[in-house]
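Enquirer: Residues per chain, in single letters:
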Amino acid sequence: MKLVKAIIRPDRLPEVLRGLYAAEVYGLTVSRVRGHGGEVEKVETYRGTTVKMELHDKIMLDIGVSEPFVDRTVKAICEAAYTGEVGDGKIFVLPVERIVRVRTKEEDRAAVTPVR
Amino acid sequence: MKLVKAIIRPDRLPEVLRGLYAAEVYGLTVSRVRGHGGEVEKVETYRGTTVKMELHDKIMLDIGVSEPFVDRTVKAICEAAYTGEVGDGKIFVLPVERIVRVRTKEEDRAAVTPVR
Amino acid sequence: MKLVKAIIRPDRLPEVLRGLYAAEVYGLTVSRVRGHGGEVEKVETYRGTTVKMELHDKIMLDIGVSEPFVDRTVKAICEAAYTGEVGDGKIFVLPVERIVRVRTKEEDRAAVTPVR
Amino acid sequence: MFRRTVCFMAVLMVFVPAAFAQEADAISGADTAWLLVSTALVLLMTPALAFFYGGLVRSKNALNTMMMSFVALGVSGALWALLGYSLAFGEGSAWIGDFSMAALKGVGLEPNGTIPSLLFMAFQGTFAIITAALISGAVVERMRFPSYMAFIALWGLLVYAPVCHWVWGGGWIGEMGALDFAGGAVVHVNAGVAAMVAALVLGARKDYGREALLPHNVPFVLLGAGILWFGWFGFNGGSALAADGIAALALVNTMLAPAACLVAWVFLDYFVTKRITAVGVATAIVVGLVAITPAAGFVSPTGAIALGLISAFPSYLLIRWRTRTKLDDSLDVFAAHGVGGISGALLTGVFASVAFGGAEGMIDGNAAQVGIQAVSILAVAGYSGIVTFLLLKFIGLFAPLRADAQSEGLGMDISAHGEEAYATGEGAVLLNDEEAPEHVNGLISVT
Amino acid sequence: MFRRTVCFMAVLMVFVPAAFAQEADAISGADTAWLLVSTALVLLMTPALAFFYGGLVRSKNALNTMMMSFVALGVSGALWALLGYSLAFGEGSAWIGDFSMAALKGVGLEPNGTIPSLLFMAFQGTFAIITAALISGAVVERMRFPSYMAFIALWGLLVYAPVCHWVWGGGWIGEMGALDFAGGAVVHVNAGVAAMVAALVLGARKDYGREALLPHNVPFVLLGAGILWFGWFGFNGGSALAADGIAALALVNTMLAPAACLVAWVFLDYFVTKRITAVGVATAIVVGLVAITPAAGFVSPTGAIALGLISAFPSYLLIRWRTRTKLDDSLDVFAAHGVGGISGALLTGVFASVAFGGAEGMIDGNAAQVGIQAVSILAVAGYSGIVTFLLLKFIGLFAPLRADAQSEGLGMDISAHGEEAYATGEGAVLLNDEEAPEHVNGLISVT
Amino acid sequence: MFRRTVCFMAVLMVFVPAAFAQEADAISGADTAWLLVSTALVLLMTPALAFFYGGLVRSKNALNTMMMSFVALGVSGALWALLGYSLAFGEGSAWIGDFSMAALKGVGLEPNGTIPSLLFMAFQGTFAIITAALISGAVVERMRFPSYMAFIALWGLLVYAPVCHWVWGGGWIGEMGALDFAGGAVVHVNAGVAAMVAALVLGARKDYGREALLPHNVPFVLLGAGILWFGWFGFNGGSALAADGIAALALVNTMLAPAACLVAWVFLDYFVTKRITAVGVATAIVVGLVAITPAAGFVSPTGAIALGLISAFPSYLLIRWRTRTKLDDSLDVFAAHGVGGISGALLTGVFASVAFGGAEGMIDGNAAQVGIQAVSILAVAGYSGIVTFLLLKFIGLFAPLRADAQSEGLGMDISAHGEEAYATGEGAVLLNDEEAPEHVNGLISVT
Ligand SMILES: Nc1ncnc2c1ncn2[C@@H]1O[C@H](COP(=O)(O)OP(=O)(O)O)[C@@H](O)[C@H]1O
Ligand SMILES: Nc1ncnc2c1ncn2[C@@H]1O[C@H](COP(=O)(O)OP(=O)(O)O)[C@@H](O)[C@H]1O
Ligand SMILES: Nc1ncnc2c1ncn2[C@@H]1O[C@H](COP(=O)(O)OP(=O)(O)O)[C@@H](O)[C@H]1O
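Chains as they are written, first to last, in our numbering: chain A, 1 to 116; chain B, 117 to 232; chain C, 233 to 348; chain D, 349 to 795; chain E, 796 to 1242; chain F, 1243 to 1689.
Hints in this document: simulated from the structure, not taken from any laboratory.
Below, simulated SDA-like cross-link-like pairs (lysine to any residue); rule was C-alpha separation at most 20 Å, straight line:
#: 1; chain 1: E; residue 1: K900; chain 2: E; residue 2: L878
#: 2; chain 1: B; residue 1: K221; chain 2: C; residue 2: D320
#: 3; chain 1: B; residue 1: K168; chain 2: E; residue 2: R1115
#: 4; chain 1: A; residue 1: K42; chain 2: A; residue 2: G87
#: 5; chain 1: B; residue 1: K168; chain 2: D; residue 2: Y770
#: 6; chain 1: C; residue 1: K284; chain 2: F; residue 2: E1668
#: 7; chain 1: C; residue 1: K307; chain 2: B; residue 2: E223
#: 8; chain 1: E; residue 1: K1001; chain 2: A; residue 2: R12
#: 9; chain 1: C; residue 1: K274; chain 2: D; residue 2: Y618
#: 10; chain 1: E; residue 1: K1001; chain 2: E; residue 2: Q1201
#: 11; chain 1: F; residue 1: K1448; chain 2: F; residue 2: K1568
#: 12; chain 1: D; residue 1: K622; chain 2: F; residue 2: N1674
#: 13; chain 1: C; residue 1: K284; chain 2: B; residue 2: Y142
Looking at chain A on its own, in the form it has when it is part of the complex (with noise of 0.2 Å):
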């Protein structure tokens, strides 16, 4: 079991929203964030104060898949999200000791296989 993390821009949410179904990945759950790293900063002046903004709009998605789907998942995103500019985001893949599905207390694989 693991918890893929992955960090993206807004605008390439469809894209890998559409990456992922192609990928038989189907459950995830997305965030509104905002991160830092080596993209160029926006400025912004609100009557005489000029303020640089350190942050810019992200998407992080929190998708728990079983080993078989890590690197699919990792690939779909990595795919989908990439644009070649400086700020397309990062994936982290964390160990997951036990995932329970709230409705059914499947438990680890099952439970994050879809039911349809």
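Let chain A serve as the given structure and place chains B, C, D, E and F with the ligands on it in line with the hints.
Expert: Same frame as chain A, now just chains B, C, D, E and F with the ligands:
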């Protein structure tokens, strides 16, 4: 040390919080996320444009616990978040190597033991 | 490879960012969360209804670092986020199996080394 | 024909220059100008109400709540012109008008008092619209939208029009000598009681009393209150039906009474909860406006200040008490409008002053006026309560009044309107025409 | 000199008391009061439009969209006074006015009809402002702001002023007997066609048809629609240029037509999508208002209701169809204003009634009026379309019309204005003066 | 008795038809209609200000900031009727009025000029309200709410009323011949200087100059600016106290000056920062409105355009400079209102024109008028500054002026009002009555 990461329905949050306090879990962090799973999709229409909403509002809980608390935390969430409909959510248990309480620099178990 | 997950007060964010840059940690992701711990509860009233707010605004940082950076990252956050009042937050260090930089497909240490 | 018009005519004589007064039944440019503005102002109150109410609900029901006001602009507005006006202001009997002016037959540009008849009709129409919309505050976050539309359509004809006739259209309450300058009974007691009944018939929201149901956007509540105040100058000031001293008096009182009510509320809030709340201030403004409505052109400005101060108490206390009960009058329409209207109507009987255009009130020595006011309140409350109850039961025979629990949980915006108030577009996938229909009809049940 | 004024003068005679009518060329206090208010009301429509449009775009473009309206208040307003008014209302020829009143030469407090000339100028100026701002709905989320400013500045002089002259300034369309009470052709057909052309010239947004581009704040859309309705009472009611029966008629029709259009739209929405949408209701209000604009002072209230009902259909259907095409008229300016204006102008020819201040329409037996209306629509649409096209191409010679893809992706608020609509301040670092300039000039390209 | 009224009377004669002018001291329906509307419009400006200011602060202080305006509607409004009006417009001396009209004694429906006295009182009251509310922009995000309420209550009586008397109530500045049509000195210089002093006495916000304190909702800022403009037509146009040529002139100038100021600001913004900002445009509108206020009925429209253009510069430059200083006049009340008012008052002396209802100004050859204007500015600024300072120090003796650092950090909305502007309800637990009080009184200190 473990991190229990749970995704639940927003309208179960009050029950889940109550369940966790009953299980003597007092420290936790909550975020608003949106999830995709086996849920029925919502359809929205804005002027002629029809869209399918693939993401549903969810709440994510991050709860750092010491080993003895893992099971009862998972159990408390499972019970309180349950509705039986598709979309109840998932719980992930991740290993944690170290926990630090910023205020006291206490580590690990001490760091997640509430001060009251 | 580690993921440092820190929960801090929103009004300490500027200091924490400064502290991290000083520690040469440039890549990070930030999200708005709400936390429950030992903090004093806030009471609000809306027309006759009185409510207790059990969740307080917090900021969560997710920072992927290579091993040599773990300690100084934790230290930088601890120092910058400190106020001494209950509610300063927690830091979790999680193991990471793999990190990928989307733009270059570089892995692990290279993936979290900033390009400037 | 219209008691109301005639009565103001008399007052008018006192203050206007001769050149105007000579031709009492000709159109006056000045009066027309003021009524044009007043009509626009009162119409604006319904969108303002949408924001006042919409800010008070949870964000997942914001649009549904706002739509309950906006749809009244169409439904109640059109029906007023087609039927309601004739039922309210047609000659008829002491109990109801007739169909003589249905579809605006014979309502044209000829003078009604000193303004064109059509303008009088439209001005009154804006009152019919907002009265219906006011009720929605009691049923938000759970009532099915089509049933709501049917309800306000019929309510406007079966409740509002007759009550309006009784008081202003030549009916028995007006004849009896009850004072209701701009609608304390007709609008506020009427809507307030209907709201309470509707809340009882619908039942409480499923989370009521169990979860904290907080206002999602308090600035919208303040915006609504601010624009309502602005529009209320037309509501009360325009009810003079002329740009004269009485209009000025009504407008000044409409400025001072809410100011006084606001001050009283701030002190109450501070002593009871140790906080001065923004929702409280917005509510106070509305309560003050409601309370001065029946009195606006009948009492002195100092009377208006006193009336505003006093009226804060019953509404404040009722709101606090109501939230501890099982009665989910969600946005406290009864406490604000019903009770505010009752306070105002009774106090009109106390403070009315001949010197300021009213009849003699209790302070002038005529205690009987308070009794007359009480009768008018009881009659309106009783009729409104009973017919509203029957009407809802009747509609319930054909279609459910309430959304099912799932729709309520999901939020009425998505379930009833297929929209989110604040969409981010994340995870939204465009559907083409082949895909759309099956989803629309199949997967999600239509509320 | 001004056909429009004179024509209303005649009508005026019928309804106003003798004391006014005797001195036709003196200033009337009542008429002035109403026109003062009307001017204020119409000016308010442009901020209202900013919210109507601003709520419909994504939050990253909210300010840019609102600014497109707000900047018209400055640019178009100032240029109208300096030049546009003279081009539109100067004696000139059948085709265009002249420079005789440039920089308001000779425009003072002397009467124009029964109101001061300056007030007439300002009232007309508010129309020029909003007409320009309307176009912006077609080019939001992608047009470079400086190019937009240049465009509306020139468009006001080269398109709006001549068209206004043709219809209201003594030009050929007015002479021909076309009926356009408050700007069906001058304002709405004109802006609608210009919008469609601008959308074609600019091209679609890069995400159009690929991603769902959802309204970020539907309450703002409702707020805009509500305030637009309020302001439109000045737009149509004020176009009577007097506080008389015609003003009352125009105002009443401006209340009833959108009400009817709203009801029709609600049913259409329900039958087509099984949902009654808030964006739909807001749109319906605007379409109803647009459609009644040319007819407001010419048709009976029942005619207005019919007109409002009918006009819902073409606009509703076109909006549904348009979203399936490649034409990214982003906020459907053509469907709402262009088509709404055309429906309204044609139906004016159908429903116009001598009894209600208009000429004879088709129902009165004069089918030719519909033909005259059609000619006026075609002329305005043709001229507006061609000159808008040429103008955009001309501006494109000097500066790009569109933002680059990166700016568009980032959102126009940050890229063009250096601001966020809803900033949290997280991660914002104050810059001192030495740091600021290099960033401003260097790192981020200026749109 | 009132210099102001009499002076306009004279002007009035020139333009109105004989039928009106004959009875100079009778109530005019037209003038009353316009003043009714104007009073409503100016009252609306205070909620508009709440949004202008509320959008500019951080979301944790949004309600507190808005409440500072809303509470003035109650406190300042009620006190004006009870005392302020008499102090400002009572016969009195050259320095202050008297108590002869306290609690509106003797203020009824009799004419004051051509409108009812009560209406004149209410119209002036709306000025007193907004002037007090304007000051709040300098002390947002940190001032304790009860101290603020005490401050504006006393300030209205001790500063506003006397200054109003000096200029408009028969006092020495009016007698001296200073021109202040609608409150350049009385309202804007007065509030602007008081604001600067209040910012100095309170001290800077704890995060000022250290963190970026960004506007949380720029659309609200635009909404506020748009509605302020709308209301300002009543502010300036209504100050003619009649629906005549001067009102028209004032209204037209109130449309053109901000338009010109907006254009100038846009260019300044573009050349200085390479961006045209929305906050800038909103600010420009307000500055243009402020600047034209003293001049509105005294200068030609082209004069108004020039005045608007010129006035952009000092305010723009001061705002940029101020943010680099330690002076935390948080929302730049001094730069916008103080400096805008000074520019406007001086330029009134330059552009005033007898042909347009004013006295002779510098351009007409009367350079002395600029001197008179300068004296009036200095007097008002001096008095306002000194008394504001003493008043704040006095209140500080009884209760702290500033919230403690913890409350300021948490945000004033929760700490002072116990509310959030945008609550989600997550983690909110209903308290029953037994639980509530101890928390309220115990755990959280009341600001
Ligand atoms: N070490 C890190 N830990 C967590 N998130 C990171 C880290 N480095 C980058 N990110 C996230 O990835 C985003 C893009 O990273 P960045 O380094 O700018 O681009 P790239 O990966 O293309 O070099 C950042 O905005 C941030 O959200
Ligand atoms: N593999 C996964 N990884 C991360 N989050 C998931 C995963 N699967 C489901 N979720 C989250 O759980 C929510 C409910 O899951 P779903 O599969 O629809 O229901 P159920 O668990 O009842 O079968 C989703 O909306 C999503 O937020
Ligand atoms: N066990 C935990 N798991 C996850 N988050 C926690 C945990 N304990 C505390 N937190 C987060 O840290 C914040 C502060 O913790 P708290 O215990 O109140 O303060 P302190 O660490 O100063 O004792 C909480 O608001 C919550 O967001």
